[in-house]
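The lines below spell out each chain.
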Amino acid sequence: MIKFFLMVNKQGQTRLSRYYEHVEINKRTMLEAEVIKNCLSRSKDQCSFIEYKDFKLVYRQYAALFVVVGINETENEMAVYELIHNFVEVLDKYFSRVVRHSIYYEIFLP
Amino acid sequence: MPAPIRLRELIRTIRTARTQAEEREMIQKECAAIRSSFREEDNTYRCRNVAKLLYMHMLGYPAHFGQLECLKLIASQKFTDKRIGYLGAMLLLDERQDVHLLMTNCIKNDLNHSTQYVQGLALCTLGCMGSSEMCRDLAGEVEKLLKTSNSYLRKKAALCAVHVIRKVPELMEMFLPATKNLLNEKNHGVLHTSVVLLTEMCERSPDMLAHFRKVSLVPQLVRILKNLIMSGYSPEHDVSGISDPFLQVRILRLLRILGRNDDDSSEAMNDILAQVATNTETSKNVGNAILYETVLTIMDIKSESGLRVLAINILGRFLLNNDKNIRYVALTSLLKTVQTDHNAVQRHRSTIVDCLKDLDVSIKRRAMELSFALVNGNNVRGMMKELLYFLDSCEPEFKADCASGIFLAAEKYAPSKRWHIDTIMRVLTTAGSYVRDDAVPNLIQLITNSVEMHAYTVQRLYKAILGDYSQQPLVQVASWCIGEYGDLLVSGQCEEEEPIQVTEDEVLDILESVLISNMSASVTRGYALTAIMKLSTRFTCTVNRIKKVVSIYGSSIDVELQQRAVEYNALFKKYDHMRPALLERMPVMEKVTTNGPTEIVQTNGETEPAVLETKPPPSGLQPASEANDLLDLLGGSDITPVIPTAPTSKPAFAGGELLDLLGDLNLTGSPVSAPAPQIAQPPFLLDGLPSQPLFNDIAAGIPSITAYNKNGLKIDFTFERSNTNPSVTVITIQASNSTELDMTDFVFQAAVPKTFQLQLLSPSSSVIPAFNSGTITQVIKVLNPQKQQLRMRIKLTYNHKGSAMQDLAEVNNFPPQSWQ
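The listed protein sequences correspond, in order, to chains A and B.
So the first sequence is numbered by UniProt numbering: it starts at 1 and just counts up by one.
So the second sequence is numbered by UniProt numbering: it starts at 1 and just counts up by one.
Some hints here could point you the wrong way.
Each computed SDA-like pair below joins lysine to any residue, with the alpha-carbon atoms no more than 25 Å apart [as the list claims (entries may be wrong)]: (1) B:Lys284 x A:His22; (2) A:Lys10 x B:Val502; (3) B:Lys29 x A:Gln13; (4) B:Lys144 x B:Asp207; (5) B:Lys284 x A:Asp54; (6) B:Lys29 x A:Glu24; (7) A:Lys10 x B:Lys144; (8) A:Lys93 x B:Cys124; (9) A:Lys56 x B:Asp300; (10) A:Lys56 x B:Lys29; (11) B:Lys186 x A:Gln46; (12) B:Lys324 x A:Glu24; (13) B:Lys336 x A:Tyr52; (14) B:Lys324 x A:Tyr62; (15) A:Lys27 x A:Arg42; (16) B:Lys336 x A:Phe87; (17) B:Lys324 x A:Lys93; (18) A:Lys3 x B:Lys29; (19) B:Lys167 x A:His22; (20) B:Lys284 x A:Lys53.
Per label pair, the in silico range of CB-to-CB distance [stated by the list, open to error]: (21) A:Leu16 x B:Glu304: 25 to 31 Å; (22) A:Asp54 x B:Arg347: 49 to 55 Å; (23) A:Lys44 x B:Asn187: 38 to 44 Å; (24) A:Gln11 x B:Glu9: 40 to 46 Å; (25) A:Ser41 x B:Glu9: 34 to 40 Å; (26) A:Asp54 x B:Thr340: 23 to 29 Å.
Chain B stretches covered by chain A per the calculated footprint, using a threshold of three residues with CB under 8 Å from any CB of chain A [to be verified]: (27) 52-64; (28) 324-333; (29) 433-439.
Simulated from the structure, these hints should not be mistaken for lab results.
None of these values were measured; they are calculated from a predicted model.
Ideal placement from N, C-alpha and C gives every residue a C-beta, glycine not left out.
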């Protein structure tokens with residue numbers, strides 16, 4: 001089960017966050033900060049799955065943007081990895097050019 | 001009032017903030033503007049304001065004042081309003097807020113709306129944050145929509161149904177009829193969500209699972225999967241050349257649940273699994289994701305062995321892949337399967353060992369765990385070499401686990417004692433400070449047991465701490481060994497290695513530096529002090545130096561050290577004649593294993609005048625907490641008086657005098673204590689009070705028996721058992737003498753079959769007075785976890801009428817209540 005879906009930039013600013021389980025709002029910011037810290041400290045030769053507390057993080061980097069998905073142990077990590085890519089591809093096709101600011105501008109436009 | 005700014009503007013403004021404080025200021029200003037706008041009940045801009053509020057909420061700022069506004073938006077007729085309203089409801093509201101119930105009516109109306117998009121919005125929101133009351137109210141609507149022909153609505157209804165089932169499991173049956181036709185759809189969206197719904201139902205309810213197995217869901221799924229694989233290129237479902245991999249993975253997962261523990265279903269899916277495993281493209285990550293899921297499914301169901309071998313080979317191939325994600329995934333799966341398919345995984349051992357050198361932390365951890373699982377008698381030398389090398393170079397967080405794993409593996413599969421000791425020494429020197437606390441007593445016990453290696457061991461340990469005495473476990477073991485075998489060290493006799501020339505002073509130098517050093521923990525200092533004391537009997541020329549050291553520490557700030565030093569001082573002064581006997585060499589210790597001993601082992605306990613928790617064995621083998629309880633009771637001390645082991649024939653009386661030291665308790669002669677099995681019962685000191693019930697909740701009276709009655713010597717057994725711990729039987733023996741002369745030096749020994757464990761406590765005395773004028777009592781504790789029939793063989797030795805008597809007997813007449 002997917003617990004949360006985050007898009008965070010390298011400076012730690014959250015560009016998009018969606019939680020599928022209830023998490024207190026102050027805990028969210030802490031969680032996001034820790035998660036991005038974990039992802040930033042990984043080098044290129046390390047795998048994209050991090051064991052964090054009692055769930056796993058699957059992350060993927062696109063330029064300066066990190067897409068991080070938190071999953072529990074029933075999920076197929078590699079399928080989620082593909083899902084992230086699929087998501088970015090969809091955004092790309094839909095908004096014709098995926099740029100950091102475009103993502104959050106376009107999603108929130110009514 | 002000017003029109004509130006658009007969301008884009010807000011985002012742009014926030015992005016220009018350079019510091020967190022600036023951003024907070026901007027957001028607060030905007031929040032204030034939004035709040036006043038809400039108060040004015042402005043309909044036109046409400047949507048815009050709520051959108052901005054949602055953005056700020058996502059950044060982590062409180063936005064609860066927008067909840068009611070969301071409700072107002074939901075109630076509006078404009079689609080754009082509804083859209084933002086529902087989004088707001090999903091993000092800001094949940095069942096903890098009371099406000100959410102107000103939504104129920106809106107959602108109900110919208111579920112029946114004419115526009116499918118509105119219906120879709122309502123379904124999404126309900127499926128996201130619906131509480132159990134809302135779900136109960138609206139489940140009927142959802143079920144209706146599940147049966148509609150509109151695939152857009154059907155897929156959303158399926159996901160909403162999943163949420164409803166999670167919140168209110170009783171409603172599961174309601175959705176059952178609708179599931180019949182779900183899999184007949186062509187639309188992948190509906191198929192996917194239907195499979196999710198079916199998975200949820202099967203996971204939650206075994207009845208549903210049985211039902212679905214019966215209605216031949218498996219063939220349907222197999223058919224769908226086959227179509228997916230065999231169908232040609234389909235642009236709307238293609239991901240890197242594979243058609244809808246997400247659906248394939250979902251179906252495989254559902255098949256796994258259906259096939260678990262069910263032979264028929266497993267058989268029905270064997271073919272398709274083999275087909276997927278062989279036909280899937282492995283060049284891209286997508287294909288590997290599907291293969292991974294297939295492997296997991298094969299391992300979980302009752303597949304045939306050929307299929308299992310295929311699965312493990314796939315995993316082996318993964319291990320050789322360059323992509324670290326795939327290697328990680330492979331190692332994780334192999335770890336899960338190594339228990340069941342051990343041999344197949346062994347084939348890939350070399351690749352796994354290579355993964356120990358990988359750069360990625362997660363991969364290294366997996367590889368380490370897997371390596372430990374694969375060690376066996378044949379490959380232990382090679383594997384150990386690799387693992388020791390790994391221990392050297394790995395990160396600190398691994399070292400403790402790796403060290404413990406190496407100890408365990410070495411214990412189980414050591415090809416020779418020397419290799420075992422070498423390995424342990426290697427671990428202590430490379431990762432000494434990360435070793436777990438229980439490794440020290442285990443290691444000490446191992447060393448004492450390998451008698452022929454004593455000289456070699458002590459020499460190596462001495463060399464190891466010469467340079468560096470900062471690693472506490474290493475120093476503790478080394479001090480203990482030097483204390484015990486210091487004489488071997490200075491005599492320079494070592495067969496295995498080149499002997500080194502060490503003088504007594506050098507040895508004392510190193511021990512003293514351990515004592516003085518700031519790096520030594522209190523425990524370590526205790527070990528060192530005791531070692532120095534022991535050397536007073538083993539060394540010849542430096543006894544004065546030892547006396548000096550010991551007296552210095554008599555005023556140490558550390559209470560533990562002070563107590564030890566004072567007592568050792570007393571040994572030097574008042575009880576010097578006892579010192580040799582006290583500080584004798586430790587005997588071979590029986591390892592506390594789960595197989596009970598067949599023979600009693602007499603331990604030559606080294607009597608420490610005070611019992612302290614950090615003492616080295618023999619108390620190391622016994623839970624120290626027991627002794628502590630009794631210290632309070634009697635202010636006494638651990639009593640395992642000095643008695644030589646059977647082979648030597650030193651008189652027992654040295655122990656006798658020593659015991660007078662201990663005051664109240666008149667324990668002379670030959671107690672025979674077996675090493676304590678792990679029973680947490682009050683031991684030792686209550687022996688002086690034989691009639692004291694040892695349990696607070698004694699089982700109803702068990703009849704006592706006469707175990708032995710010959711030549712005037714009668715031995716009675718009385719039993720006690722606890723209701724809380726029925727596998728322990730406490731037997732109190734009473735030995736009486738009906739002849740005209742005393743029986744002296746009475747020793748009682750007992751042996752029990754392998755499935756039992758025995759503990760003999762000290763007897764009350766070793767003299768049985770004549771004419772039945774007194775008895776010797778002794779307590780025996782028997783641990784009988786398997787509740788087998790109690791049998792015992794006893795051996796009695798005593799002096800009577802000037803001659804030594806000895807007798808063997810078997811006791812078979814135990815009452816059933818004592819062991820059943």
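So, going through the hints one by one against the coordinates:
| no. | hint | result |
| --- | --- | --- |
| 1 | B:Lys284 x A:His22 | violated (35 Å) |
| 2 | A:Lys10 x B:Val502 | violated (61 Å) |
| 3 | B:Lys29 x A:Gln13 | holds (20 Å) |
| 4 | B:Lys144 x B:Asp207 | holds (23 Å) |
| 5 | B:Lys284 x A:Asp54 | violated (29 Å) |
| 6 | B:Lys29 x A:Glu24 | holds (24 Å) |
| 7 | A:Lys10 x B:Lys144 | violated (47 Å) |
| 8 | A:Lys93 x B:Cys124 | holds (24 Å) |
| 9 | A:Lys56 x B:Asp300 | holds (22 Å) |
| 10 | A:Lys56 x B:Lys29 | violated (38 Å) |
| 11 | B:Lys186 x A:Gln46 | violated (40 Å) |
| 12 | B:Lys324 x A:Glu24 | violated (34 Å) |
| 13 | B:Lys336 x A:Tyr52 | holds (20 Å) |
| 14 | B:Lys324 x A:Tyr62 | holds (18 Å) |
| 15 | A:Lys27 x A:Arg42 | holds (23 Å) |
| 16 | B:Lys336 x A:Phe87 | violated (31 Å) |
| 17 | B:Lys324 x A:Lys93 | violated (29 Å) |
| 18 | A:Lys3 x B:Lys29 | violated (33 Å) |
| 19 | B:Lys167 x A:His22 | holds (14 Å) |
| 20 | B:Lys284 x A:Lys53 | violated (30 Å) |
| 21 | A:Leu16 x B:Glu304: 25 to 31 Å | violated (47 Å) |
| 22 | A:Asp54 x B:Arg347: 49 to 55 Å | violated (33 Å) |
| 23 | A:Lys44 x B:Asn187: 38 to 44 Å | holds (40 Å) |
| 24 | A:Gln11 x B:Glu9: 40 to 46 Å | violated (22 Å) |
| 25 | A:Ser41 x B:Glu9: 34 to 40 Å | holds (36 Å) |
| 26 | A:Asp54 x B:Thr340: 23 to 29 Å | holds (25 Å) |
| 27 | 52-64 | holds (count 7) |
| 28 | 324-333 | holds (count 6) |
| 29 | 433-439 | violated (count 0) |
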